[in-house]
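Engineer: Residue numbers (our numbering), protein chains in the order written: chain A, 220 to 567; chain B, 220 to 567; chain C, 438 to 841; chain D, 956 to 1259; chain E, 267 to 545.
Just so you know, these hints were derived from the structure itself, not from any lab. What you were told as hints is all true, and nothing was included just to trick you.
Cut-off 20 Å, straight-line C-alpha distance, at most; resulting in silico cross-link-like pairs (DMTMM-like, lysine to aspartate or glutamate):
| id | chain 1 | residue 1 | chain 2 | residue 2 |
| --- | --- | --- | --- | --- |
| 1 | D | Lys-1028 | C | Asp-668 |
| 2 | C | Lys-791 | C | Glu-775 |
| 3 | D | Lys-1170 | A | Glu-295 |
| 4 | B | Lys-296 | B | Asp-375 |
| 5 | C | Lys-497 | E | Glu-337 |
| 6 | C | Lys-627 | D | Asp-1120 |
| 7 | C | Lys-791 | C | Asp-573 |
| 8 | C | Lys-497 | E | Glu-331 |
| 9 | C | Lys-840 | C | Glu-690 |
| 10 | C | Lys-507 | C | Glu-467 |
| 11 | C | Lys-840 | D | Asp-1120 |
| 12 | C | Lys-497 | E | Glu-324 |
| 13 | A | Lys-326 | A | Glu-295 |
| 14 | C | Lys-506 | C | Asp-471 |
FRET-style restraints, in silico, Cβ to Cβ:
| id | chain 1 | residue 1 | chain 2 | residue 2 | range |
| --- | --- | --- | --- | --- | --- |
| 15 | A | Glu-431 | B | Ala-238 | 46 to 52 Å |
| 16 | A | Lys-329 | B | Ala-238 | 44 to 50 Å |
| 17 | C | Ala-532 | D | Pro-1121 | 40 to 46 Å |
Residues of chain D placed beyond 12 Å of chain E at every Cβ, according to the derived structure:
| id | residue |
| --- | --- |
| 18 | Thr-1022 |
| 19 | Tyr-1026 |
| 20 | Pro-1033 |
| 21 | Arg-1034 |
| 22 | Arg-1040 |
| 23 | Met-1048 |
| 24 | Arg-1116 |
| 25 | Asp-1120 |
| 26 | Pro-1121 |
| 27 | Trp-1122 |
| 28 | Leu-1173 |
By construction, the Cβ of each residue, glycine as well, lies at the ideal position given by its N, Cα and C atoms.
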Amino acid sequence: MTSMAHLRIAGLTKSFADAVALHPTDLDVEQGEFITLLGPSGCGKSTFLRMLMGIAAPSGGAIWLAGARIDAMPPEKRNIAMVFQSYALFPHLSVLGNLAFGLKMKKVPKAEQERRIAHAVRICNLGPYVARMPRQLSGGQQQRVALARAIVMEPDLLLFDEPLSNLDAKLRETLREELLTLHRRVGGTSIYVTHDQDEAMSMSDRIVVMNEGRVVETGTPFDLYRAPRSRFTARFLGRTTLVDALAGKGMARLPWGQMMPIDSAASGPVALSIRPEDLDPALDPDGAGVVTGFQFLGSAVFYHVLAGDIRLTASAPAREAPIPAGSRVALISRAPLHVLDDSAGAAS
Amino acid sequence: MTSMAHLRIAGLTKSFADAVALHPTDLDVEQGEFITLLGPSGCGKSTFLRMLMGIAAPSGGAIWLAGARIDAMPPEKRNIAMVFQSYALFPHLSVLGNLAFGLKMKKVPKAEQERRIAHAVRICNLGPYVARMPRQLSGGQQQRVALARAIVMEPDLLLFDEPLSNLDAKLRETLREELLTLHRRVGGTSIYVTHDQDEAMSMSDRIVVMNEGRVVETGTPFDLYRAPRSRFTARFLGRTTLVDALAGKGMARLPWGQMMPIDSAASGPVALSIRPEDLDPALDPDGAGVVTGFQFLGSAVFYHVLAGDIRLTASAPAREAPIPAGSRVALISRAPLHVLDDSAGAAS
Amino acid sequence: ASASADMKPVGTDSFNMKHLDFDAATLTRENFYDVLVPVAKQEGEVNLYSFAASFPVFWKEAVIPGFEKKYGIRVNFYDVKEDVAKQQLIAVHQADQDSPADAYFAPGPTPAETRNTPIIANLPLADVLPEAKNFDETLLHVSFGFDHGGTFMPLHRDQTGMGYNSALMKPEEVPADFPALLAYAKAHPKQVAITSPLKGGSGENFLYALAQSMLTGECHDKLASDFGWDDAAAAEWVKTSGCFTPVWAYLRELTPLVEVTNGNADTQNLIANNAATIGTVWEDYAYTFVQDKQLPETYRITLLANGQDGGGDGIFVVRNAVHPAAAMLLIDYAMSYEPQFWKMKNMASRTARKDIAITDAIDAKNAQFLVPEAIYRKYAIGYPTVPVMTAMRDAYVAEIVSKM
Amino acid sequence: MSSTTARAPRHDGWPAMKGDQPNGRTIALLLLPGVGLLALLFGIPLVSGIFGSFGLGMGAGRNAGPTLASYAKVFGDPRYLAGLRTTLYYGAMAVLVDLVVAIPLALALGRSFVGRKLFNGLYKIPLAVPGIVVAFAMLTLLEQGGFLSRVLHLVGLSLPRLVRDPWGIGVIAAMAWKDIPFMTLIIVGSFAAVPEELLHAARAFGASPLRAFLKVRLPLAMPGITAAILLSFIRSTGSFVIPDVLGASYPLPLSVLMYQAFRDSNWPLVYAIGTVLMLASFLILLSYYFLTARIVAPAGGGGR
Amino acid sequence: MARSSRIPFSTDDSLWLAIGLYSALVLVIGVPLAMIVLWSFADGWFPPALIPTAFTLEHWRQIVEDRGLAEATLRSILIATTVTALSGVIALPTAWAMARFPFRMKRAVEMFVLAPLIVPGLVVAVGVGQLFLSLRLAYTVPGVILVQLIGTLPLMIRLLSASLGTIPEDLLLAARALGASPLRAMLAVVLPLSVPTLVAGGLLTFVESFQEFDMSFIVGAPLVETLPVRLFFYLDGSGIRFTSAAVVSLILLAPVLIVFVLAGRIMRDDVMASGMGKL
Ligand SMILES: Nc1ncnc2c1ncn2[C@@H]1O[C@H](COP(=O)(O)OP(=O)(O)OP(=O)(O)O)[C@@H](O)[C@H]1O
Ligand SMILES: Nc1ncnc2c1ncn2[C@@H]1O[C@H](COP(=O)(O)OP(=O)(O)OP(=O)(O)O)[C@@H](O)[C@H]1O
Ligand SMILES: NCCCCNCCCN
Ligand SMILES: [Mg+2]
Ligand SMILES: [Mg+2]
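Bound conformation, chain A alone:
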């Protein structure tokens, strides 16, 4: 008998009266993994999490966690904790009350409760706030309380439902790193839901890309970004220009006539995903493209370039002054372009 994954999901599905929120889905997660579910709003991410948590009933399928089948258990029997998008801190309880809530419910002995809370307070830096009420905390602090409340449960599985999406840009970035550090320190298994690609890429061991109730693709951030199989993944994860090209012998002819190396031996019509950093725009009066505009992002400049009738984006480091709009540029290939799995077709 082969050993089973820490979390195994088989054929999990959820239909509502009027729609299918999640088509049958399989997923294995190993102990200690940090998995992200990434997809646009309404694609079924929360539904997925809620079924894991037990606060929504699956329409079909099975879930095993740490060797036991859990899909028919009520939430309070599962050893899973969750950090909610709105934090869902109990407003009538102090930070300490919030942290102790779950332990009391599970009748953890007093001494053990204290030990675990002290531990969580320490790693989440909540020392000064334990006596405060949630409304007396900033968003970031609330977020840490929500996390600590989950950690004290020492759950087999930790779920996050867009825990950062209510925060502002600068804070979001800071907490992202903090969260990851905590995950490493605690060493648990986590499933994290987001629709923010940066968040997904910078945090996850693996990303599960979802769309319209289906898993589109699963892989490490690097693989999904550099070598997505589907158009959807290519487009949802970072910027890309999708073009049709004619391939052969490791090269492809692009619509504006240039030949460039590709990462596949395919021949015939193919769909390419061109990342901005794949092409280097260089001032050249005979170049194939014209700069129509640019977007300065500090570390890099994104140029909108019209090549033939294709509008594409190419980036350059922003160490010197940007190339002005209207300039003609040559597009120099920096790396082999990626060929998508989907058979070619209008890459709209």
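Could you slot chains B, C, D and E with the ligands onto chain A? The hints should help.
Structural biologist: Below, chains B, C, D and E with the ligands without anything else, positioned relative to chain A:
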């Protein structure tokens, strides 16, 4: 008599009973400019906008718009329109009702109303939605209605108070570009408030960086990013590592011993702002730094590097697999490092 | 008072009327219609208040149509709650304003109750209304032991008694007097319904009748005939004289055995539901219930020996009435033969007219629901005075109710 | 809550150009129609009533005061003391019954069931039924020999005394009948204001459905529920006609005693009883403020 | 942006719950009301009969033929409508100030506004009667309207100030920014947004006004006679006759029930709950 700026603000200030929200501030804005006010929460950005709009009374100073002094006028007399963070669409009026509201208030003739609304509906792509109620629109559509409602007023000045901060990441990016395109098409003068550095950098002609009720620095995005004068600007706009160094002859000795070129002829102790893209980490068993972690962002990888006792960030393009944590790297200077104006001191 | 004597205000030197549009001083029974009819027609209308639950039908069927036809004067009829109306009129007069009502059919104790805050016009109606000459002279001047000087006309005579369901009680079981009632209650706990003396007239009167039968000698004389009481003195006497000891002793024994109800209707409903076999009732009110099929045909009424109280309610011109002439005409009309006969026939409302006997109006079948004439003649008695009655109710609370 | 640190406090109301807070005169002018009218129509009579309870200003010839006689009666006479007790008893019991019915009903209304919309309208009917009609309906229903006892008689059962009974069962039932929809309405609203996510969180952290209700939903809905309790209590204590028709003839609640004093034109006593009733309500109101000051409003933090 | 994500534990329409609730409704509300209807037609209903042994229209005839009834009904509707409209108009500015401005003694003002809910009507009624006599408002329709406002304003102010407090500041600023003067912003934005509250408060006010007896009688009767003043007499506790009382109850209830049925569709529970849910 010299010609006056389209919008001139002189000594504008606002105090509340318990605090000064805006210290005396001067600002000139030219016709057609897109200016961003950027700063952390509570720095006085909204207060500034509200005084321009006339919905908060200045404690001092003067405002001229299109040649007329307006600071004592009630809001309904000023020819200024505003897009609110919450959109502030009237929930009881249809899209059309919202668009017509201001025109009716200003008693614009019927035919003219229709012309302007048709124009705004066209450029904001609202055709299919004119009959809907605001609650039947998605966030992005609501945002466009709020904008159209401002555009129909044909204002001398268009104000935006964090109009994108309520939206999710992917949509925020799309709308950012849409908004800018619209600004260009309409050709008006705009002041845009945000605390999102990417937004400020990618949209503005000029950025006004604010902190604690004061303007810290004003300049183009490129200048402010590459050559900030103050630590605050350097840190708030993009990532940076601030270090103390000893300068002389266009070079500086960094804390971990390396010499690197700088962009100033200063000599003696200086404070440097090192952008991640200024340093190229290259695998090198004898290198000065050790990679402690990295963050994959698709187009680039940010490496956390420990050099001496300085933790800094250096970025590399993400075309090949990232350098694993623990590797020793050499830090290669890609461009002269920037010397801050502030006299040196602990660059915490 | 002679029929031709000039009319004088009762009690004071002047009439307490702001709108006397005729010379009241020269009014007599003889010139009554000649003087008042033209003035009343001028006034054009009259506002009538009426308090009693069973009376709207009387006004609407027996008085108003005939009156309006006869004089062409419109009657605006208003049902009122007695306590609210009384307070309204007191307030009006304290503010020295015109009265909203011209004539008011009010509870019998009203003249006594309002003697300090007069709301009754001091017109000696007894002396000038032509119809008054057919009425019992005492009842024209005294209501509930209070001599109001002929300002309050006895429109309706009533009688309390013990109503019972003859289907549930053999004739010999029907208690004949207070001791028998107590014995019956002991044998049939909770089958006797006594209206709370605090909630309705039939219960109050049960209390008074009990006192009138139990008090003897000097005590009884003081209860029945000494009309010089003021409130405080009456209270003092009831509380401290010791005269009432047997009354309280009786009630202390009886009360736990009976159902004390919240009103006359409440008592009657218990009888109708077979939840009580016998209870305190108003003769006329129970009669109305029988006609309305809310009491069974087997319902009967009797009086306890040694007497049960009866009295009446009256009508008066309201002080500062705006239509005094019309009001006087209306009162006169309501006292005339036809309406009084109709009232007796349909409502078992007895009359103070000397020319109508109960047997004239009511047939044998309906007479079953009235107090048999022989018993009535023997046991119907009048009330103690108003101050003593009030004092007895308070004492009842102190002695009985709060000790249960 | 949408952002990290506390956002700038907003201006309230109109941003006037002459400074950001509207001045006192503007506020006074806005308050005037409502508060002014109440001051005139309600304040003056109220004050004269309170004076009246000391026998002051009772009109010519009736000015008996200043005297504490009426209060002495209310607090000295066993009848009135018992009245005060009865008032509090009826009020408390009615509220108790209200709660026992309204809380489960509010929970049921939060779920979906066939015909929910219609039910939602129908259960509120008693709100529109005058007290006297309620009393009348209950009397015909609960009285000995009334409808209910006739029905029970068919199956050989007999009804305990429900009207004029020493425990005031009929009175309490009628008061509760009239007040339950009111209570339910408020509790439904208070429950709905508790974010569902908090209940999910409670379940996620190991609470059974019952415990999630007791530990999270109930405490968070408490400010609304206590307000409902308070208002129902006040309505019950003021109710006159229901105890008058359905209650035992002794002891009578203060409301009925006050009406009797009114009947006897004993104005100082009417006003004294009224003042005592008012004070009782007021004390309860104050203790409400005191208690709820400690309970967090659900809208505070943690919500969205 | 807060996206609402609600997944109920059970999404199925529960049939047994519906059966339970509706049975309870029929027993608890239906049966007492049925008593009233039956009594209004009863011609003899003695034990052990479960329904009247005979029926008659006589009780209805007696009361409906009352010549002032139609007039009093119309007058009551007129008065209740006016009271409702005035309550809204008077409460709006006051509620606005209470909801949106800080001012000294706010707590005290709030409590004062609530006080009429606490103070027994009798204590006020006679004082008002005296006052109105001297103001020449006694026995006038305006007098009755004013006295009823005492009872209806507190509720309306409460409800409105709770709901006005939730109108986002930004909406008002937006209206100003789009050229509306403060007054026009009030009319064009605040008023329409208060409609659900005005409807809920208005219905309750209408019901309360339509049924008010004591104060209306003291101030208005007899010249201004409302329907309850005309009919409550039949309901006098000590002299009650079930038959006519039943007819009167139904006449008083009918319009109010109609209003409630209509209201069921437009009245939002949350409005009522928010107004009364926190004092
Ligand atoms: N209770 C429900 N009844 C019907 N449909 C529902 C219900 N809950 C969710 N859905 C639908 O199921 C789909 C998936 O919803 P879900 O909340 O899982 O999306 P999500 O990926 O979490 O989106 P977001 O990023 O906006 O949170 C959506 O189309 C949604 O409308
Ligand atoms: N009505 C007020 N009374 C007192 N202080 C105020 C008031 N309004 C704003 N302030 C204070 O003025 C300062 C500036 O507030 P402002 O709203 O302009 O900040 P902001 O830059 O727009 O912040 P954010 O990014 O959070 O919107 C803050 O410290 C705030 O607390
Ligand atoms: N308290 C008033 C006593 C007079 C009662 N009269 C009753 C008449 C019933 N028809
Ligand atoms: Mg979701
Ligand atoms: Mg702001």
